[in-house]
Amino acid sequence: MFPRPIQQASAPAQTAYKTMLPIALILWLLPLIAVAVFSIKPASDFTQGNYWGVPGSFEFFNNYGQVFFNSDMPRYMLNSVLITVPTVIGAVALSAMAGFALGVYKFRSNIWVFFMFVAGNFVPFQILMVPVRDLTLDLGLYNTKTGLVLFHIAFQTGFCTLFMRNFIRALPFPLIEAARVEGVAEWRIFWYVVLPLMKPALAALAVLIFTFIWNDYFWAIVLTQGPDAQPVTAGITSFNAQYRAAYHLMSAGSIVAALPPVLMFFLMQKHFIAGLTLGAVK
Amino acid sequence: MTTATLPDTDPPKRGWYKRNEIAVTPWLFLAPAILFFAVYVIIPIFQSFSISLYDWDGLGQAEYIGLANYQELMNDRAFEVSLWNNLKWLVCYLLAIPAGLFIALFLNQTVTGIRIYKSLFFFPFVLSQVVVGLVFAWFYLPNEGLLPAIVGWFGFGPVNVLGDPSWATYGIILAGLWPQTAYCMILYLTGLNAVDPEQVEAARLDGAKGWKMLWYVIIPQLKPATFIAFVVTIIGALRSFDLISIMTNGGPFGQTRVLSFYMFEKALSEYGFRMGYGAAIAVVLFLIMLVFIAYFLWSMYREEKGH
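Going line by line, the protein sequences match chains X and V. Under my numbering, the first sequence has 769 at position 246, and the numbering climbs by one with no breaks. Under my numbering, the second sequence has 203 at position 194, and the numbering climbs by one with no breaks.
Among the clues, some could well be false.
A short, non-exhaustive set of chain V residues, derived as facing chain X with CB atoms under 7 Å [what the hints assert, rightly or not]:
| hint | residue |
| --- | --- |
| 1 | P41 |
| 2 | I54 |
| 3 | Y126 |
| 4 | G260 |
| 5 | L294 |
Quick caveat, the hints were computed from the structure, so don't treat them as lab data. Keep in mind it's a predicted model, so treat the numbers as computed, not measured. Ideal Cβ placement from N, Cα and C applies to all residues, glycine included.
Kindly generate the complete structure, drawing on both the sequences and the hints.
Structure follows, in structure tokens:
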């Protein structure tokens with residue numbers, strides 16, 4: 524193990540390490556802690572210039588109540604859910620199939636199809652922006668959740684296919700061969716043999732894509748406008764315009780907007796990290 | 010023994026699909042993904058190339074003007090600034106890799122509660138860039154922000170990071186480094202888990218420790234993690250958009266624009282709907298990225314052949 528386990532170090536070094544840990548963490552999360560404190564402060568603190576001091580009073584319920592019951596935030600949140608969940612399902616389904624095709628079958632163009640997905644996943648959004656916006660307008664899907672979902676599914680399929688294919692490659696191939704010898708149809712092999720083995724990959728991608736799509740801002744402002752279809756990342760800017768300089772409300776709003784992926788991460792940490800490392804680093 | 014039907018004499022009539030099952034199935038499985046990907050990703054890339062040769066406001070008739078958009082780019086001060094800022098992003102963003110490694114080394118211990126520490130250090134990555142941008146923008150606020158307050162305690166004058174043309178970009182990059190460092194950290198933490206303990210022990214017996222151990226024994230074994238860290242950091246640096254849009258909206262005086270942001274501004278904001286010109290900027294950004302994409306694919310290709 525590197526670095527050398529701290530337990531082998533002298534007692535003072537151990538104490539030093541254990542005191543440094545929380546200090547480092549507080550410094551690391553300082554901007555976030557500040558926002559959390561902001562979100563429970565009363566408005567009067569800001570007008571009196573008490574930005575960084577102790578909160579004048581505890582206004583957690585007031586501030587968050589404002590966000591939930593007195594603004595468009597719930598609508599934006601609902602939009603985000605309605606955009607994120609279908610995208611996760613669509614992208615994972617498409618890429619499970621594509622990954623199966625690329626991971627199991629040997630055909631000449633296999634690696635080129637695979638590289639097409641990988642390369643497409645890395646292109647800058649801006650090269651897609653004008654044509655995709657046009658296409659969405661032509662389909663009559665501008666400013667709809669469906670328009671965003673369709674694009675997100677397509678784009679995320681690149682990354683997901685990369686991940687799925689590598690995962691399927693690492694599965695025991697004799698299992699598939701055995702099924703073939705038994706005369707099992709190919710699509711049944713996919714459904715009954717490969718798919719059950721892919722559960723960890725499906726979980727990893729689902730949480731990862733959920734976070735990516737929830738946090739998307741660029742496509743939200745390119746393909747939607749207004750509270751009918753906009754997700755919470757875009758909504759928070761109009762929310763902030765509405766409550767300009769009301770830092771307690773803006774902070775509470777930001778925390779609410781950020782919460783779902785955070786919960787997802789803490790609940791599904793193992794899968795999340797497996798996904799982020801692309802399965803390449805074990 | 011009567012006339013039992015012998016399967017060999019009368020081969021069952023197998024359909025075309027059955028006979029070609031192995032060859033056809035992969036394409037059936039690929040079809041939906043390829044269709045979506047082609048319509049929304051591959052074809053638009055070529056369309057953007059073509060749009061960049063037109064003068065078009067997105068609604069009316071597009072007029073073919075050849076390379077005039079690119080000629081205009083050459084003399085565009087704002088384009089030059091954006092290009093330089095992209096370079097700043099690229100170089101500074103790479104700091105996330107050593108910083109992530111450093112934190113990973115710091116946290117790679119087994120004391121009580123270390124798992125929670127690791128997750129909390131990773132936390133910033135899960136936040137959307139919009140929230141990170143807001144949080145840092147408030148952190149930098151010239152009078153009310155925490156940073157000026159801290160700087161004030163040390164007796165320095167007021168700082169206005171985001172209002173100062175020469176500092177604003179670095180201020181935004183720092184905000185971006187926060188989640189990116191967390192990402193690199195998690196890559197290295199998983200990498201460190203897989204480091205071969207026997208090699209480490211052997212090197213220890215040979216008297217290697219500290220920096221030497223890190224450089225000659227550990228880092229070579231972290232190569233897969235480093236590769237992914239490079240890929241995601243470079244792509245992240247060139248994709249930077251959200252933070253700029255939230256924190257400065259390109260200002261002050263357009264000094265924090267990068268290509269991705271400038272493109273958006275030209276094509277789709279109150280500054281006008283110049284789709285052709287925007288597409289030309291996007292093409293330049295795409296070509297820059299293509300260099301890296303080609304390199305990544307080449308590395309992957311060698312890896313594939315190696316197996």
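Query - Violated hints, by number in ascending order, as checked against the structure - result: 4
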